[in-house]
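What follows is the residue order along each chain.
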Amino acid sequence: MALRQLLRGNEAIAEAAIRAGCMCYFAYPITPQAELLEHMARNMPRLGRTFIQAESEVAAISMVYGAASAGVRTMTSSSSPGISLKQEGISYLAGSNLPSVIVNVVRGGPGLGNIAPSQCDYFQATKGGGHGDYHMIVLGPSTVPEAAQLTTLAFDLADLYRTPVMILADGLLGQMLEPVELPEPIDPASLPRKEWAATGAAGRDPNIILSFDLGPDNLKRMNEALQAKYREIRKREIRYEESDVADADLVIAAYGSTARIAKSALQMARAEGLKVGLFRPITLWPFPYDALRAVADHVDTVLTVEMSAGQMWEDVRLAVAERAKTPFYGEMGGVVPTPRSILNEVRKDAR
Amino acid sequence: MPRGTIVIDAERCKGCGLCIAACPQRVLAFSGSLNASGYDVARMENPEACVGCAFCALTCPDVAITVYREKKNA
Amino acid sequence: MPVDVARMTKVFERPKSLTEARYTYCPGCHHGVITRIIGQTIDELGIAERTVGIAPVGCSVFAYLWYRCDAVQVAHGRASAVATGIKRARPDLVVFSYQGDGDFASIGTAESLHAANRGENITVIFVNNQIYGMTGGEMAPTTLVHQKTTTTPDGRDPATCGYPIRFSEIIATLDAPVYVTRQALYDTRRIQDCTKAVKKAFQNQVDGKGYSLVEILSTCPTNWRMSPTQANEHVANVVTQVFPLGDLVDRG
Ligand SMILES: Cc1ncc(C[n+]2csc(CCOP(=O)(O)OP(=O)(O)O)c2C)c(N)n1
Ligand code: SF4
Ligand code: SF4
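Protein chains in written order, with this note's numbering: chain A, 3 to 353; chain B, 3 to 76; chain C, 7 to 258.
Calculated directly from the structure, the hints in this document are not laboratory data.
Cβ atoms here follow ideal geometry from the backbone N, Cα and C, with glycine treated the same way.
Any given hint might turn out to be false.
Unchecked claim - Here are some chain B residues pointing at chain C (derived, C-beta under 7 Å):
no.: 1; residue: Lys16
no.: 2; residue: Ala31
no.: 3; residue: Phe32
no.: 4; residue: Gly40
no.: 5; residue: Met46
no.: 6; residue: Glu47
no.: 7; residue: Gly54
no.: 8; residue: Ala59
no.: 9; residue: Val65
no.: 10; residue: Thr68
no.: 11; residue: Arg71
Claimed, not checked - Pairwise CB distance ranges (calculated):
no.: 12; chain 1: A; residue 1: Pro185; chain 2: C; residue 2: Thr156; range: 32 to 40 Å
no.: 13; chain 1: A; residue 1: Leu216; chain 2: C; residue 2: Thr179; range: 37 to 45 Å
no.: 14; chain 1: B; residue 1: Ser35; chain 2: A; residue 2: Asp135; range: 46 to 54 Å
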């Protein structure tokens, strides 16, 4: 029976991962995702699964690379500075076609920044923070229940496309308590066997996991295969949510916690008679360009709101392609926009 | 002394000479003939001195040498 | 008088666990001997069907081509962490990492040390040739004092570059490792000793004993600018003075 529990975002992600059959979890402590690590420390060993507090984020992502090579569901989590250290591993995971889930509970940056909520790692997540021509699927939950759902989805997409998938959360979502309906735990043994994995060459030719080929023609072919996979993902996996866009003059584009705050602003604006809608990308990569463009065709303004200097804003402008005005409202450094501050921007732009 | 012999896979040989130095019986020497990769391959110069000790094969980095020894009561 | 091999016993042949692929190593390079020893060990223990090898970054980056077993190519220095991930995911597999001195004792310092400290039940083959072979002969953490490399053209100056790091000795201070040893390959006796050590390091894992490390003093005739035989003599006479051979830990 599905269980309804009051959980923090960090715990919901951890518990959903366990229920999705995550067998190996590796991470290094960092605020504001410590509860995730702690939940795994308490629960993985008791289930006979692997929890390692790694010596660094570099090591943790490399352990993920190993566990993924051996064909099990595996995850790591961290926050911004730690995710920077994982970029090497993420690039290798993408290049070697290894299914894996990486959680970034984003905090203020750059550098050590602070531990307050932020969305300043959007570029890093969606444009490829590591080296090479790669992408990973990036999912941006905006509520705790959605964080749990998207965690389940992340494992499924990772396996389906043999690719790293990132859950891009923020400190607000990580700490927020909400009732969550958790999915039934799956039996990891019931998952399809990964015929490509390094599990011992018994009765078959050796399987080799690698991202490497010295020959430019061969490496080009490997890259083309990656790009073909990304085209498939773009075709099938784009997800977004629209609220009140049908009659809107102004649509707010926001994701994650910011989208949730924007929803309150939207209600306040509607109460004032302003025709405001919300467009919320759920997959940040692949970004819902076409859907947002369709919205832009019948509104005057697409107002981007982010906890950053305007990172998703670039994708919004690419999507809107001058079909509508594209103002921006952002907060940085851990300052969180309020419904009222967003409403003020809406009033300015709706005029 | 038992009698032995070796077979060197000339295409694997890189002419490093380590087998020549390793052979206690001084059986091996460079042949002076190059393989397809351009290496001066080793060969048995005094085959009758080979005792099949396999020191050359243990030493060969390219695992180019197979070693045979006379069967005891043959 | 020609001999008839058909009437003789084969006393040495290529290990079955080695593929037919020809090594990309330079003439006389010990990487090849080490590869053969590992192949032979896999044969003798009958573990080819459950072994996963880890190919590092370095001259042995192609190691995944040499063995008839599953293999994973990994980022520079991360082999011990990746080995940890594989082994924890599938404890029934036999996992070995193969790492150069730059890989193991420089860029991979943290991963190497902590895998050992956790006592991961893996086998690590640490190839110490005192140089960065693949990138053209730069200084390694193990480079000898006054040794000339492309980045220490006047020789390694300890005042600015420190001293050769004895990483196995550092690992030997830890409580978890069951077997830490330093071996060499400069003559047949050393090759035989090294073969025994490698076998023991794999056997320990098969027996579930824990972390085993075999450091092997290797040669790089190309970047040392020596003939393969001179390189062997250099290991025997000079390198072993800095890196003494023998077991450092044996809790088997
Ligand atoms: C992150 C990263 N930094 C640097 C390199 C370049 N690189 C390739 S091999 C190597 C050194 C390898 O030396 P070692 O581990 O001693 O192995 P050897 O080649 O001597 O066998 C370096 C620095 C790399 N591939 N990745
Ligand atoms: S040791 Fe091997 S590669 Fe070197 S010369 Fe002898 S046969 Fe050739
Ligand atoms: S460069 Fe040195 S270590 Fe690399 S293959 Fe050649 S001899 Fe061996």
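So, going through the hints one by one against the coordinates:
1. Lys16: Check passed: Cβ of lysine 16(B) comes within 4 Å of chain C, closer than 7 Å.
2. Ala31: It is violated, given that the least Cβ distance between alanine 31(B) and chain C is near 14 Å, above 7 Å.
3. Phe32: violated, 12 Å
4. Gly40: violated, 11 Å
5. Met46: violated, 10 Å
6. Glu47: violated, 15 Å
7. Gly54: holds, 6 Å
8. Ala59: This hint holds: alanine 59(B) lies near chain C, its Cβ roughly 4 Å from the closest one there, short of 7 Å.
9. Val65: holds, 5 Å
10. Thr68: holds, 5 Å
11. Arg71: holds, 5 Å
12. Pro185(A) to Thr156(C): 32 to 40 Å: Because 57 Å falls outside the window, the suggested range is violated.
13. Leu216(A) to Thr179(C): 37 to 45 Å: holds, 39 Å
14. Ser35(B) to Asp135(A): 46 to 54 Å: holds, 47 Å
Violated hints, listed in ascending order, are 2, 3, 4, 5, 6 and 12; each of the other numbered hints is respected by the structure.
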